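> Each chain is listed here by its residues.
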Amino acid sequence: MAGYILRRLLQAIPVFIGTTFLIYFMVFALPGDPIIALFGDKTPNPAIVAQLRQQYHLDQPFIVQYLIYMGGIFQGNFGVSFSGQPVIEILARTFPVTLRLAVIALLMETIAGILVGMVAGLRKGKLFDGTTLAISLILISLPVFVIAFVAQFVFGVQLGWARTTVGDGAPIQDLILPAIVLASISFAQIVRLTRSSVIETSSLDFVRTAYSKGLGRRRIIPVHILRNSLIPVVTYLATDFGVLLVGATVTEGIFNVPGVGNTLYQAIIRGEGPTVVSFVTVMVLIYLLVNLAVDLLYGLLDPRIRYVK
Amino acid sequence: MRIKRYGVGFAALAVASALVLTGCSGGGASTSTTSANTTAIISTNGSEPQNPLIPTNTNETGGGKITDNIFAGLVYYDEKGAPQNDMADSITTTDSTTFTIKIKPNEKFTNGEAVTSDSFINAWQYGALFSHTQLNSYFFEDIEGYNAESDSVLTGLAKVDDQTFTVKLTSPQSDFPLRLGYTAFMPLPSVAFTDLAAFGENPIGNGPYKLASTGAWQHNVKIDLVVNPDYTGGRKPQNGGLTIKFYASADAQYADLQSNAVDVIDQIPDSAYQTYTTDLGDRAVNQPAAIFQSFTIPGRLPHFSGEEGQLRRQAISEAIDRDTITKVIFEGTRTPAADFTSPVIDGWSDSIAGSDVLKYNADDAKALWAKADAISPWSGTFQIAYNADGGHQGWVDAVANNLKNNLGIDASGAPSPTFAQVRTAITDRTIQTAFRTGWQADYPGLFNFLGPIYATGAGSNDGDYSNPAFDALLAKGSSETDTAAANKDYQDAQSILFKDLPVIPLWYSNVTGGYGTSVSNVHFGWNSVPLYYEITKG
Chain A
1 MAGYILRRLL QAIPVFIGTT FLIYFMVFAL PGDPIIALFG DKTPNPAIVA
51 QLRQQYHLDQ PFIVQYLIYM GGIFQGNFGV SFSGQPVIEI LARTFPVTLR
101 LAVIALLMET IAGILVGMVA GLRKGKLFDG TTLAISLILI SLPVFVIAFV
151 AQFVFGVQLG WARTTVGDGA PIQDLILPAI VLASISFAQI VRLTRSSVIE
201 TSSLDFVRTA YSKGLGRRRI IPVHILRNSL IPVVTYLATD FGVLLVGATV
251 TEGIFNVPGV GNTLYQAIIR GEGPTVVSFV TVMVLIYLLV NLAVDLLYGL
301 LDPRIRYVK
Chain F
1 MRIKRYGVGF AALAVASALV LTGCSGGGAS TSTTSANTTA IISTNGSEPQ
51 NPLIPTNTNE TGGGKITDNI FAGLVYYDEK GAPQNDMADS ITTTDSTTFT
101 IKIKPNEKFT NGEAVTSDSF INAWQYGALF SHTQLNSYFF EDIEGYNAES
151 DSVLTGLAKV DDQTFTVKLT SPQSDFPLRL GYTAFMPLPS VAFTDLAAFG
201 ENPIGNGPYK LASTGAWQHN VKIDLVVNPD YTGGRKPQNG GLTIKFYASA
251 DAQYADLQSN AVDVIDQIPD SAYQTYTTDL GDRAVNQPAA IFQSFTIPGR
301 LPHFSGEEGQ LRRQAISEAI DRDTITKVIF EGTRTPAADF TSPVIDGWSD
351 SIAGSDVLKY NADDAKALWA KADAISPWSG TFQIAYNADG GHQGWVDAVA
401 NNLKNNLGID ASGAPSPTFA QVRTAITDRT IQTAFRTGWQ ADYPGLFNFL
451 GPIYATGAGS NDGDYSNPAF DALLAKGSSE TDTAAANKDY QDAQSILFKD
501 LPVIPLWYSN VTGGYGTSVS NVHFGWNSVP LYYEITKG
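Here the protein sequences line up with chains A and F, keeping their order. Each residue of the first sequence is one higher than the one before, starting from 1 at the first, in this note's numbering. Each residue of the second sequence is one higher than the one before, starting from 1 at the first, in this note's numbering.
Just so you know, the hints here were simulated from the structure itself, not pulled from any lab data. Be aware that a few hints might be false.
So the derived list for chain A, only partly shown, Cβ under 10 Å to chain F, looks like this [stated by the list, open to error]:
1) Lys-42
2) Gly-169
3) Glu-252
Okay, the calculated bits of chain F under chain A, using three or more residues with CB under 8 Å as the criterion [as the list claims (entries may be wrong)]:
4) 44-58
5) 217-231
6) 417-428
Derived contacts from chain A toward chain F, CB cut-off under 8 Å, selection only [said to hold, decoys possible]:
7) Ala-2
8) Tyr-4
9) Pro-34
10) Ala-37
11) Leu-38
12) Asp-41
13) Leu-52
14) Gln-55
15) Ser-83
16) Gly-160
17) Arg-163
18) Asp-168
19) Asn-256
20) Gly-271
The structure presented is a predicted model; accordingly, all values stated were derived computationally and were not measured. Using N, Cα and C, we set each Cβ at its ideal position, and we do this for glycine too.
Extracted from the complex, chain F is given alone in its bound form (with noise of 0.2 Å):
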């Protein structure tokens, strides 16, 4: 799960910021052999990192970027979302649940220290460890020998040689090697654990890129990133180097775009989607990501269980508009749900049985609702809590008014003035209504999805979804060894989420970008951000 905060930006000016999710994509080709100036300097935007630079303590869109860019794991995404060999020379298993990972010999981080088993060993040991707190540490919560609760070391991690060790999973998981090109897993060198404040401050990486020399992170300013020459893996930089300069508000970076002043960003403000496509042409991005925005309706609200919440969800979904919603609020910038993961992600697809739940059909949902009452008869406001400072209150009006107009209730919208509110009332169940709910993928996988979100007791239900079918079908997708199969289950699994609708699926969100005229070969990748290091400059 990535975060992202916005400070001041132009619809912010009354209120608020915002924490605002952002996406990711995919798509199109990516290559190009220009005679490209290797040593010119590719600035760009981001955030000040919220957390030192750790792996396993990045989890929010800030410190992603710079640490995905100097970091390499096991294995990258490529632009499609494909695993591809980084630091691993192969990950083979026969089960799905014990993984032996070989490494490439003569990779070193920049210090020169040589990426070895150890190297990722004890970074997995340090993340996992609970006294550590570190924001990603539930990534290794599939490791034998994971506590959440007390400090325990991860058993399931054994050294064979220098180059080679294996990973033994509490239970098959075919996905797992997926996930190994997300932050968390990153290796870290022996000098990390010496200090690991002072190394978050300046860290020594493995990745295409390196920090330009000790102090290149300028607090609230930018960080400097220079090539690491001795990187070898499939990710060698077209370009000299990377500035990331950190904006407090996408309005800045849309204005300095405008102004040359940054090469490529990956948000567009609010304030600038009627205009950006003419502002830049056929430099402007906007495509889907692997972002799901959805609102839960929890279980335990009164009319919202059994047979009678089954109609009246279902009554719901279909009176919502979201074409109209995602062309007239969003300029086009979301994209329809068509199921509950994200058309950037291997194995989606848009014609799950039961998805037609999804398709605006008032008279159809008039009809549910009707049946719901035959039930127990309808009382009360249906309300979606959401958090003023997140932009969010046109499209909660606009569902609001849907279900209004559509149903013949009284809906509305219920803010809260900031994140943390909502979300703790949502953590501590003491809320009340509906709630809005995102999810963004940390690795582009269907299950990533749906086992943390909806998997009896999963970490993120925060509606407290239970369907011992479900789980069923997602245990199954997670023991196949293909993956072909495995996303069948998924997707079957997501039928029965059609006709229980835990969440009300609304839409993707699209990652919105732009780049100046003087770089080519932008291409952002399955998670929304550029790939920085195929970008060619003069």
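Next up, chain A with everything else stripped away, as it sits in the complex (with noise of 0.2 Å):
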């Protein structure tokens, strides 16, 4: 087991290399030139352009670009953004803020979810799962934004219920509202994962085995169809997470969460190169740990799956 975790974290250092040079040369790809964007319409004077590319490295040759940058991220040194801020603190701002977010649509999906999902698959053809299954539809062909702004306009202009945009610190009651946002898709899907799941589990043989055995429903529908179904909603609620922490831009620019969406978005117009590749990077690090982590919780969910070195 410790040699396998140790083995796919070993792993993770090619797959960071990779990603930071695709990323990096997208973002040099760019076309156009940032320092010149960064004067509006006004045309700047050349020298000034010059000096400022100077400045940001602009005027190196794309791989001394790569190679500075990565010098000065294993020195602990992310860049500094046109502002002057340091990257790294713009990562440890924004961050906590979307994950917060993140970790609380995660928890609104997967307990509403699983519970409807299960209860659907259990109650096959019946009214319950007929509506579950009208709803989670509606739900899934509905774009983000458009719940979003509905919601934004509903609960929070007209009845007041909560804010319209996220305030001061991104305190938790802020986020409920932007988190339902986000976790109403997601929800959709996970009813339709579990219900799927749950209905092929029942139909199996040890399922009607325990149920020979007399063993209660109370015991089998926990202990033995729905741990054995669980294993595609947990490998999709992975993926989720992942989406969440990476693609809630629009929710974020909505609800106006000062997250990551945002300012990556922010800094994919301005051609920050730094900023990007960082915020970037931290991604691609959070996905590989949480689909370590998956892979980790499938032997738990299911005995049959081991680990070997």
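Dock chain to chain to rebuild the complex, using the hints, since each chain is given by itself in its own frame.
This is the structure:
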């Protein structure tokens, strides 16, 4: 087990180098000069532009820029944004906010999704099943920004139940509404995954054996059916956690959450290489860790899965 | 040039964000004597400053909104854009070349340091020095000793005594005193120069407001300002402080306004253009701003030089139905252009000789185009380049359709994915089409809309326009000592532009904004930013 974890962690190193290289290259290949764009519609003095370009190493060939950046990282220096802030500080400020948002959303969708999905699967074809199917279909087909705008307008502006945007310090109560929005779509997916998985597991031999042994539903459903149905759901949750950390740009924008998505988006627009690459690198690392955690979780859910060196 | 960027907006959800120029306004009276709560904090929208809060390095609206409130320059602009003495006791000149500036005695920074001639001279020297690469350094280019390509001391700045200094310019600039209210000319306390990066994080100013505490700037979230009791100038706050919340999108701030989570906003999102006047009633604001929008046709494009070029430019201008486009596409949040400046600027006129060329006249346009064809037949497509991340597609397509239908030529937009890409192509002159251009005034003067863009060899002369008669009128205006006479020269200079049309004027951007039920006495300044010091609450 320890050897397996170590090997997986070692595998992360080439992935880390590969992704930083690719992302850095993509930012580098973005058309246009970010320094010129700093001046808006005003045409800057070429000498000043040259000087600034030199300051951010933008006058160097790509590989030199990349090596300067990587060299910095190994000294704990993630570079500096155009506004003069160390990227590491921006990371430290924004990741906790997005992480909080992602965890709240994940908890909501997991608890609600598995419960509803399980009940629907156990009552296949009944009214509850049909209703959840319809609702999940609607949720899946709505784009997230539609849900976000409607939720913001109805609950924030009209009813006044929640704050329209996230306030100072991104407190948990402000994050609930955006988290519900984020959770809504994944909730629908989890319901459907859990439902079909529960239906499939219910008809397997070991479940029938359990029933014929005389075990009660209270034991069979959680221990035999649910536990064995969770593998696809856990896989989905892991991917979704990654998506929540990375892809909440739209929702973060609408609710003005000072998180990763929002900040990364601005950095891409400004062509701030170090900021973009550092953000994406941290995201990749989180993705790798989450996936490792999921692989380990498989073993707990299904004793047949074992890790070999 | 103030620039403003947005993050994810409603229109931007598909791909874009925008680099939107946002603007300015003026007009209306501003007096109120309500028994308001002088400790109430006003909240407003803003965006995360893109640079440390150092005046000479702040060239975008996010930072400018803060620096303008925590610093006080020699002059400030009142609601109409007229300069009023702030730190200055007097600014005098006899030849518009050498200015003697006297500073009011007993003015202090919030750390107790006196505001003296050195506070200004040192700040300007710092800002102008080449190797400091300050984004606003070009503001000092008219001062003697300025060098844009290597380090050089501004020899034109001379200290007389603690309260007096003189500024010598390289050429007469009658509107130099008017410029002094711009952010770049703010004073700095001596402590700033020991560690400018740290200073930019927790600036110490002399303006109507000051930072509430060390660390009051919470990055990406907000900045808290409180009243500076030592400030004695004309911008005495009628409230207890100002919280500027940073929004990534105009949609979010509009939602906050509707739920009373923010008091004043100076930008309505595109998605609410149709509804905001009904949503807000008389708390909605929509007035012209000091922002001029146009597209530039470089003279080096085939068919656009000489007499043929003049005819074609006039034809294009007359073929555009500005009234309909501003009404239909912009819901009245733009005002059709009548000149090359802005209606909020002193000296603006909608009846300059030659301005008829801005009136929609399809028949005349067709005739002019035919005349040009007689000189040399037209071939190819007329394209207007724009950045797709800025919400420009609607009007570019509308203009292209106007040209197609009225001139019978092939016309289209030429989108580039990013703002940086278009600007780079414009700057290195590789662009081979017409392109979108815009100008937001730095200070409220006609010259600022003309000199930097159309003078021969000027910094933002992206179309490489050059006309000696125009240059001569600009120089004449700059050397006048009487403002009215100078404005007359600038209007005459625009007559020449109407003939040559180096850019095709389109419209002025309006400032659109609104405020909540709990605040009153909200007026927008000439530069589209609310005059926060006047606002009362409760």
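> Take the hints in turn and mark each one as holding or not.
Hint check:
1. With a cut of 10 Å, the hint placing A:Lys-42 at the interface with chain F holds, because the nearest CB-to-CB distance is about 4 Å.
2. Interface hint status for A:Gly-169: upheld, as the beta-carbon distance to the closest one in chain F is roughly 8 Å, under 10 Å.
3. The interface hint given for A:Glu-252 holds, since its Cβ lies 8 Å from the closest Cβ of chain F, which is under the 10 Å cut-off.
4. Only residues whose beta carbon comes within less than 8 Å of a beta carbon in chain A count, and the region 44-58 of chain F has 5; three or more means the coverage holds.
5. Interface restraint, the region 217-231 of chain F with chain A: holds (5 residues with C-beta to C-beta distance below 8 Å; minimum three).
6. Look at the region 417-428 of chain F against chain A: 11 of its residues bring a Cβ nearer than 8 Å to a Cβ of that chain, three or more, so the hint holds.
7. At its closest, the beta carbon of A:Ala-2 sits 40 Å from a beta carbon of chain F; the interface hint therefore is violated under the 8 Å criterion.
8. With its C-beta approaching chain F no nearer than about 40 Å, A:Tyr-4 sits outside the 8 Å limit, and its interface hint is violated.
9. For the restraint placing A:Pro-34 at the interface with chain F, the shortest Cβ-Cβ distance is roughly 5 Å, inside the 8 Å limit, so the hint holds.
10. Restraint check, A:Ala-37 versus chain F: the minimum CB separation of about 4 Å is within 8 Å; hint holds.
11. With 8 Å as the threshold, the beta carbon of A:Leu-38 comes within range of chain F, its nearest partner Cβ sitting at about 7 Å, so the hint holds.
12. The restraint placing A:Asp-41 at the interface with chain F holds, with a minimum CB-CB distance near 5 Å, inside the 8 Å limit.
13. About 5 Å separates the beta-carbon of A:Leu-52 from the nearest beta-carbon of chain F, less than 8 Å, and the hint is met.
14. Because the beta carbon of A:Gln-55 sits about 7 Å from the nearest beta carbon in chain F, less than 8 Å, this interface hint is met.
15. For A:Ser-83, the suggested interface contact is upheld, since its CB lies about 5 Å from the closest CB of chain F, less than 8 Å.
16. Interface restraint check for A:Gly-160: the shortest CB-CB distance to chain F comes to about 6 Å, inside 8 Å, so the restraint holds.
17. A hinted interface residue such as A:Arg-163 counts as satisfied when its beta carbon comes closer than 8 Å to some beta carbon of chain F; here the least separation is about 6 Å, so the hint holds.
18. Against a cut-off of 8 Å between C-beta atoms, the interface hint on A:Asp-168 holds, since the closest Cβ of chain F lies about 6 Å away.
19. Hint status for A:Asn-256: holds, given a least beta-carbon distance of 4 Å to chain F, under 8 Å.
20. For the restraint placing A:Gly-271 at the interface with chain F, the shortest Cβ-Cβ distance is roughly 6 Å, inside the 8 Å limit, so the hint holds.
Hint violations for this structure: numbers 7, 8, all remaining hints satisfied.
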